[in-house]
Amino acid sequence: MKKEKNAKTAAKPAPSLKKDREMPFYVVKRGDAAKTPGRSILIHGGAILIALLLCGIATIFVTGDNPISIYATMFKGAFGDAHNLWKTLQDIAILLCVSLAVTPAFKMRFWNTGAEGQVLISALATAMCMFYLGGAVPTPVLMLIMILCSILAGVIWAVVPAVFKAFWGTNETLFTLMMNYVAIQLVEVFLKVADKSGSNTVGPNLLKHGWFPELFGQKYLLNILIVAVLTVLVYIYLKYSKQGYEISVVGESENTARYIGVNVKKVIIRTMVVSGALCGVAGLLLVAGTSHSIDSNLVGGRGFTAIMVSWLAKFDPLMMVLTTLLLVFLDRGASEVTTNFGLNSAYSEILTGVIIFFIIGCEFFINYKVMINRNHPFFKKKEQEAAKEVL
Amino acid sequence: MFKKALSLVLTLAMVLSACMIFASCQGEEDLKGMSESPLPAPELTVDFEVKDDFKIGFIFLHDENSTYDKNFIDAAQSVKTLLGLSDEQVLMKVNIPESNDCYEAAVDLANKGCDVIFADSFGHESFILQAAKEFPSVQFCHATGTMAHTAEQANFHNAFASIYEGRYLAGIAAGLKLNEMIEAKKITPEEAVMGYVGAFTYAEVISGLTSFYLGAKSVCPSVTMKVQFTGSWYDEGLEKEAAEALLSKGCVLISQHADSMGAPTACEVKGVPNVSYNGSTYAACPETFIVSSAINWAPYFLHIIKCANTDTAIEADWCGGIAEGSVVLSGINLDVAAEGTEKAIKDAIAGFKAGTLHVFDVAKDDFITVEGQKLTEYTADVDYDEAFTKDTQVIKDGYFAESEFRSAPYFDINIDGIEFLNAKY
Chain U
37 MKKEKNAKTA AKPAPSLKKD REMPFYVVKR GDAAKTPGRS ILIHGGAILI
87 ALLLCGIATI FVTGDNPISI YATMFKGAFG DAHNLWKTLQ DIAILLCVSL
137 AVTPAFKMRF WNTGAEGQVL ISALATAMCM FYLGGAVPTP VLMLIMILCS
187 ILAGVIWAVV PAVFKAFWGT NETLFTLMMN YVAIQLVEVF LKVADKSGSN
237 TVGPNLLKHG WFPELFGQKY LLNILIVAVL TVLVYIYLKY SKQGYEISVV
287 GESENTARYI GVNVKKVIIR TMVVSGALCG VAGLLLVAGT SHSIDSNLVG
337 GRGFTAIMVS WLAKFDPLMM VLTTLLLVFL DRGASEVTTN FGLNSAYSEI
387 LTGVIIFFII GCEFFINYKV MINRNHPFFK KKEQEAAKEV L
Chain E
22 MFKKALSLVL TLAMVLSACM IFASCQGEED LKGMSESPLP APELTVDFEV
72 KDDFKIGFIF LHDENSTYDK NFIDAAQSVK TLLGLSDEQV LMKVNIPESN
122 DCYEAAVDLA NKGCDVIFAD SFGHESFILQ AAKEFPSVQF CHATGTMAHT
172 AEQANFHNAF ASIYEGRYLA GIAAGLKLNE MIEAKKITPE EAVMGYVGAF
222 TYAEVISGLT SFYLGAKSVC PSVTMKVQFT GSWYDEGLEK EAAEALLSKG
272 CVLISQHADS MGAPTACEVK GVPNVSYNGS TYAACPETFI VSSAINWAPY
322 FLHIIKCANT DTAIEADWCG GIAEGSVVLS GINLDVAAEG TEKAIKDAIA
372 GFKAGTLHVF DVAKDDFITV EGQKLTEYTA DVDYDEAFTK DTQVIKDGYF
422 AESEFRSAPY FDINIDGIEF LNAKY
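So the sequences go chain by chain: U and E. Taking the working numbering, the leading residue of the first sequence gets 37, the next gets one more, and so forth. Taking the working numbering, the leading residue of the second sequence gets 22, the next gets one more, and so forth.
To be clear, the hints were calculated from the coordinates, so they are not data collected in a lab. Accuracy of the hints is not assured; some may be wrong.
The list that follows gives simulated cross-link-like pairs (lysine to any residue, SDA-like), each with its CA atoms no further than 20 Å apart [stated by the list, open to error]: (1) U:244 with E:53; (2) U:232 with E:268; (3) U:228 with E:361; (4) U:232 with E:410; (5) U:228 with E:406; (6) E:133 with U:107; (7) E:154 with U:250; (8) E:53 with E:301; (9) U:232 with E:301; (10) U:244 with E:406; (11) E:154 with U:143; (12) E:206 with E:361; (13) U:228 with E:53; (14) U:143 with U:209; (15) U:244 with E:173; (16) U:112 with E:133; (17) E:206 with E:301; (18) U:232 with E:441; (19) E:133 with U:119; (20) E:154 with U:116; (21) U:255 with E:268; (22) U:228 with U:217; (23) U:232 with E:133; (24) U:232 with E:408; (25) E:133 with U:124; (26) U:232 with E:156; (27) U:244 with E:132; (28) E:133 with U:313; (29) U:255 with E:132; (30) E:133 with U:115; (31) E:133 with U:121; (32) U:143 with U:313; (33) U:255 with E:412; (34) E:411 with U:230; (35) U:232 with E:412.
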């Protein structure tokens with residue numbers, strides 16, 4: 037529409053006051069054909085470069101430190117030595133696991149904001165098994181009980197809001213969000229009961245049994261392998277299974293789903309069972325495979341970061357590996373910068389924020405094209421000048 | 022035109038009134054302000070060489086926005102300056118939660134070549150101990166912890182300060198203020214009720230509030246105290262509400278053990294005297310602040326750096342006292358404190374130094390009683406175990422030996438005269 041108007045004004049020879057107010061640029065929606073993966077990668081790469089450049093300039097102004105050395109430090113912090121590399125892989129595994137958990141529900145347009153609580157309650161279930169049964173039953177049996185309990189806890193926390201949504205149409209965003217607080221309070225109660233010293237955490241000194249075994253001398257290798265397998269399974273489930281297809285249909289349009297004979301209630305509940313079970317695995321990995329402790333902030337916002345991971349990757353589990361890598365790299369790198377440069381931790385968070393802002397901004401440039409308004413006087417003048425010069 | 026003229030007139034009026042307010046402020050009675058501190062942080066002396074490749078790492082729960090962590094960070098910076106250490110030799114990790122992240126932070130610091138690693142929060146302990154087991158050649162020091170003396174881990178150490186003595190000294194200032202109110206007939210001796218905002222019902226808080234109360238009682242025998250717990254180390258709103266609740270219950274003086282400005286500002290608004298903690302709040306509360314006690318961590322940091330550089334073993338438990346310079350007081354606000362406060366505090370300091378004065382003196386008549394009875398014996402939970410059993414007789418030679426069997430406090434008795442309004446935390 038705007039283009040038409042431009043055409044009209046161009047037809048008039050006399051430049052009017054109104055014309056000066058026109059923007060020199062305008063936007064056009066891209067067709068689906070233009071959204072090639074190549075272009076997407078180009079745009080994302082460009083955005084990250086510009087973001088890094090901007091952060092670099094800001095760094096020089098604010099601190100006077102050399103921005104390149106700051107980026108080198110970030111890189112070193114995330115991948116610098118064997119320990120840092122393993123820790124980065126481990127962080128990726130956990131965040132990816134939570135992201136895998138929220139993805140089926142999001143694809144179904146079920147706004148599950150309760151992954152935080154679902155993971156935390158499974159972590160609590162795992163910790164309680166370790167605390168009360170540790171030493172009382174043989175380790176393999178304990179492991180089995182831990183796995184069952186944590187998955188069951190995650191499923192319960194996810195399925196309650198799903199049932200209410202399916203049968204009574206309650207708002208799942210608020211419901212799942214509130215379940216988070218219930219989980220946090222339950223953990224607080226357990227902290228009180230298990231640790232009488234008044235510490236805010238039940239640490240590895242109290243949860244001595246049921247630790248995941250080290251593989252090849254690596255503490256986190258088992259976690260990483262489990263999540264790698266899960267990633268492939270979720271990818272296949274969503275892309276090639278009948279249930280995965282039903283999820284997409286319900287997500288696109290509930291009415292269509294109903295029309296083609298999909299039992300929407302069943303799909304909602306079944307998908308949330310899958311989500312909850314995956315959160316259960318994340319909780320298990322966090323307590324038994326990673327920290328061997330529990331506190332009310334154990335999940336540390338991953339339940340919400342996972343939403344961003346999942347959206348950025350457009351619900352594609354394989355792409356999610358890349359988005360988690362980016363977020364974890366920024367996080368690990370930022371903490372290294374804070375330590376090495378003696379900067380306030382807020383500064384590295386600002387850098388992370390700038391980069392994420394640019395990446396999210398990419399979506400705009402992938403979906404829309406910015407065009408130059410050649411009829412705008414700004415360009416006209418230049419053209420005339422150029423023409424003069426040629427003469 | 023009229024509008025412009027009006028706005029000009031209004032602006033002039035505002036500027037004039039602002040000038041007048043300033044002038045009237047300056048014209049008020051002369052404020053005496055703050056005295057010199059009766060117990061200042063000492064000048065530390067360095068009697069050893071720091072090796073060129075020496076490195077120390079710090080793990081802090083929050084950053085300098087928390088008064089608790091700021092106290093540690095400031096001490097670390099002062100020792101860094103004192104020893105002339107470079108940025109590469111002092112690594113600080115802030116905002117490290119009490120979880121596996123703490124273990125990972127410790128491992129990272131050890132991998133970076135730190136000889137000594139220090140963590141500042143109670144919940145860090147089991148994770149630091151875990152790292153200590155993996156790096157036997159690195160020294161791990163942990164403030165406020167309880168496990169080192171039984172952990173049988175030679176490179177793991179706990180530290181604290183006998184801050185209960187500082188609290189007692191601050192309590193003396195509170196007691197004298199109450200006496201002044203009683204003499205001025207503002208309150209009867211029975212109305213000498215203090216309020217205390219505590220974070221949790223842990224031994225650290227109870228030891229602190231009891232020693233504060235005993236300091237006041239040593240000069241004002243009729244004093245009683247009400248305690249309101251908030252269940253959080255830092256919650257400005259809750260702490261303010263707790264202080265206001267205490268004031269509405271008839272408290273005439275407030276002190277606190279929590280990290281925000283909630284209680285001091287509530288006191289300043291109501292004009293009620295306040296004894297602070299972790300540093301002076303004089304700047305924000307000039308009309309109600311009396312004095313503040315704090316732990317000075319610089320002597321301990323210097324001590325562990327010296328041990329690491331002279332190949333000396335660090336003690337499993339280290340409790341810094343007045344003599345070490347670990348317990349310090351701010352200056353006294355002469356506009357609020359009662360006359361003679363400075364002298365009374367200095368006398369008590371001399372008593373502590375000579376070993377003749379004990380805070381938890383159970384032999385003294387009408388001083389420490391539980392349900393009307395004097396304390397003759399008490400077993401506290403000193404040694405760490407999973408069931409938290411009470412295991413050690415801590416009363417000896419007529420006093421409760423706080424911080425002698427381990428550095429972290431273990432006095433957790435609710436004595437007569439102190440009423441816990443809510444003990445749910």
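Hint by hint, here is what the structure shows:
1. U:244 with E:53: Answer violated: residue 244 (chain U) to residue 53 (chain E) is near 59 Å, above 20 Å.
2. U:232 with E:268: 31 Å, violated
3. U:228 with E:361: With Cα atoms ~45 Å apart, residue 228 (chain U) and residue 361 (chain E) exceed 20 Å; violated.
4. U:232 with E:410: 10 Å, holds
5. U:228 with E:406: 16 Å, holds
6. E:133 with U:107: Since the Cα atoms of residue 133 (chain E) and residue 107 (chain U) sit roughly 18 Å apart, the hinted pair holds (cutoff 20 Å).
7. E:154 with U:250: Since the Cα atoms of residue 154 (chain E) and residue 250 (chain U) sit roughly 17 Å apart, the hinted pair holds (cutoff 20 Å).
8. E:53 with E:301: The given pair, whose Cα atoms are some 16 Å apart, holds under the 20 Å limit.
9. U:232 with E:301: Violated - the C-alpha atoms of residue 301 (chain E) and residue 232 (chain U) are around 32 Å apart, more than 20 Å.
10. U:244 with E:406: Holds, at about 13 Å.
11. E:154 with U:143: 46 Å, violated
12. E:206 with E:361: 19 Å, holds
13. U:228 with E:53: Between residue 228 (chain U) and residue 53 (chain E) the Cα gap is close to 48 Å, so the pair fails against 20 Å, i.e. violated.
14. U:143 with U:209: It holds: about 15 Å lies between the C-alpha atoms, which stays within 20 Å.
15. U:244 with E:173: 17 Å, holds
16. U:112 with E:133: 12 Å, holds
17. E:206 with E:301: Not OK: residue 206 (chain E) and residue 301 (chain E) at ~29 Å, beyond 20 Å, violated.
18. U:232 with E:441: 19 Å, holds
19. E:133 with U:119: 11 Å, holds
20. E:154 with U:116: Violated - the C-alpha atoms of residue 116 (chain U) and residue 154 (chain E) are around 24 Å apart, more than 20 Å.
21. U:255 with E:268: With a Cα-Cα distance of about 54 Å, the restraint between residue 255 (chain U) and residue 268 (chain E) is violated, given a limit of 20 Å.
22. U:228 with U:217: Between residue 228 (chain U) and residue 217 (chain U) the Cα gap is close to 17 Å, so the pair holds against 20 Å.
23. U:232 with E:133: 35 Å, violated
24. U:232 with E:408: 8 Å, holds
25. E:133 with U:124: Roughly 17 Å between the alpha carbons, so the hint for residue 133 (chain E) and residue 124 (chain U) holds.
26. U:232 with E:156: At roughly 29 Å apart (the allowed maximum being 20 Å), residue 156 (chain E) and residue 232 (chain U) break the hint.
27. U:244 with E:132: Violated, at about 25 Å.
28. E:133 with U:313: It is violated: about 39 Å lies between the C-alpha atoms, which goes past 20 Å.
29. U:255 with E:132: 16 Å, holds
30. E:133 with U:115: 14 Å, holds
31. E:133 with U:121: 14 Å, holds
32. U:143 with U:313: The hint holds at about 17 Å.
33. U:255 with E:412: Violated, at roughly 36 Å.
34. E:411 with U:230: Distance ~16 Å between residue 411 (chain E) and residue 230 (chain U) Cα, so the pair holds.
35. U:232 with E:412: 15 Å, holds
Violated hints, listed in ascending order, are 1, 2, 3, 9, 11, 13, 17, 20, 21, 23, 26, 27, 28 and 33; each of the other numbered hints is respected by the structure.
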